[in-house]
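Listed here are the chains, written in short residue letters.
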Amino acid sequence: MSTPSPALTEEMRQQAIGLESPPFTTDVEKGAIIKFAEAIEDDNPVFNDEAAARGSKYGGLIAPPTFLRSMGAYRVPLPFELPFDRLLDGGSEWHYFHPVRPGDRITVVARIEEIKERSGRLGTMIVTTTVTTYTNQLDQVVATQASNGIRY
Amino acid sequence: MKGQIYWDDVTEGMDMSPLVKNPTTQQLVKYAGASGDYYQIHYDKDFAKGNDLEDVILHGALKNAFLGQYMTDWMGPLGSLAMLSCQYRGMDSPGQPITAKGSVTRKYQEEGRNLVDCEIWLEDTAGQKTTPGAATVELPIR
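Line by line, the protein sequences are chains A and B. In this text, residue positions in the first sequence follow our numbering: the first is 1, and each later residue adds one. In this text, residue positions in the second sequence follow our numbering: the first is 1001, and each later residue adds one.
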């Protein structure tokens, strides 16, 4: 490997941790929720069928748990170049606090929590943990998602 | 509506019934459109091969969505999902079934909520757990 070692210095790490994306606000459309539920082939009526969802504990349609991923803006650009151009999604952890409904205005902010160099089956890799916070128009945090992006 | 499971009836160690998903290349295209994730390794085989992959692969977030469905199906209309996590350990390609499985690891009450922790995963046809994860749900009581 011609990759310098380490590719990520402690100074770079400190530069990156705490960086946030500019807030990005988007409306949740009913059609987008239904399309998302169709795409993941989830026939739960609470995600697909307004009439049936009226009788649910939510009183109407809500978004499936991972729908917020489609709100975008979850990757914070790094303030430096890294010698890797491939990117993989390592996984994520969601915490849910309020349902997401059609007509909600969701503001998305992503923040770099941690960045580390590791070696694994893909060789040297840089793992970035980003926490994305989704807040609705009532100032309620509806969900957070911690995700691990892997550059290799 | 799916049936309702109650916190009272859950026991630690109990298995959850599996959910089989049958992802196709068409589903990956639909998911790309619905989620806005247009990374070509999910629908362009030549591009995937150029990235040292044998075939296009499922979006990690689609597998996350399958596990989300697994939990929302299991907890029933009166349950609430509090936490959902997964790691993408192995890649999965369309054209073969992938099965969500799981079991209850902990049953407890906290701040007036009746909670259950589950160990969940997606398994390929060879029995490999390509996508292990965990979830916490709040369930109603009888």
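In case anyone wonders, no lab produced these hints; they're calculated from the structure. All C-beta atoms, glycine included, are put in the ideal place defined by N, C-alpha and C. Hints are supplied without guarantee of correctness; some may be wrong.
[Stated by the list, open to error] Within a straight-line C-alpha distance of at most 30 angstroms, the following computed DSSO-like cross-link-like pairs (lysine-lysine) qualify: (1) A/K57 - A/K35; (2) B/K1107 - A/K57; (3) A/K35 - B/K1030; (4) A/K35 - B/K1101; (5) B/K1030 - A/K116; (6) A/K30 - B/K1030; (7) A/K116 - B/K1107; (8) A/K57 - B/K1045; (9) B/K1129 - B/K1107; (10) B/K1045 - B/K1030; (11) B/K1045 - A/K35; (12) B/K1129 - B/K1045; (13) B/K1030 - B/K1101; (14) B/K1129 - A/K35; (15) B/K1129 - B/K1101.
[What the hints assert, rightly or not] Now the stretches of chain A that chain B is said to cover, found in silico as 3 or more residues with beta-carbon under 8 angstroms: (16) 30-36; (17) 41-47; (18) 57-71; (19) 135-142.
[Unchecked claim] Take a look, some chain A residues computed to stay more than 10 angstroms from chain B by CB distance: (20) E50; (21) F84; (22) E117; (23) T129; (24) V131.
Against the structure, the hints come out as follows:
1. A/K57 - A/K35: 22 angstroms, holds
2. B/K1107 - A/K57: Holds, because 23 angstroms separates the two Cα atoms, which is no more than 30 angstroms.
3. A/K35 - B/K1030: Holds, at about 8 angstroms.
4. A/K35 - B/K1101: 25 angstroms, holds
5. B/K1030 - A/K116: Status violated; Cα separation ~34 angstroms.
6. A/K30 - B/K1030: 17 angstroms, holds
7. A/K116 - B/K1107: 34 angstroms, violated
8. A/K57 - B/K1045: 43 angstroms, violated
9. B/K1129 - B/K1107: Roughly 24 angstroms separates the two Cα atoms, so the pair holds.
10. B/K1045 - B/K1030: 16 angstroms, holds
11. B/K1045 - A/K35: Roughly 25 angstroms between the alpha carbons, so the hint for B/K1045 and A/K35 holds.
12. B/K1129 - B/K1045: Since the Cα atoms of B/K1129 and B/K1045 sit roughly 24 angstroms apart, the hinted pair holds (cutoff 30 angstroms).
13. B/K1030 - B/K1101: 24 angstroms, holds
14. B/K1129 - A/K35: 28 angstroms, holds
15. B/K1129 - B/K1101: Roughly 10 angstroms between the alpha carbons, so the hint for B/K1129 and B/K1101 holds.
16. 30-36: holds (count 3)
17. 41-47: holds (count 5)
18. 57-71: This one holds; 6 residues, not fewer than the three required, reach chain B with a Cβ under 8 angstroms.
19. 135-142: Violated: only 0 residues of the segment 135-142 of chain A have a Cβ under 8 angstroms from chain B.
20. E50: 15 angstroms, holds
21. F84: It holds; A/F84 is separated from chain B by about 13 angstroms at its closest Cβ, greater than 10 angstroms.
22. E117: 19 angstroms, holds
23. T129: 12 angstroms, holds
24. V131: Given that every Cβ of chain B is farther than 10 angstroms from that of A/V131, nearest at about 13 angstroms, it holds.
Hint check: violations occur at hints 5, 7, 8, 19; the rest are consistent with the structure.
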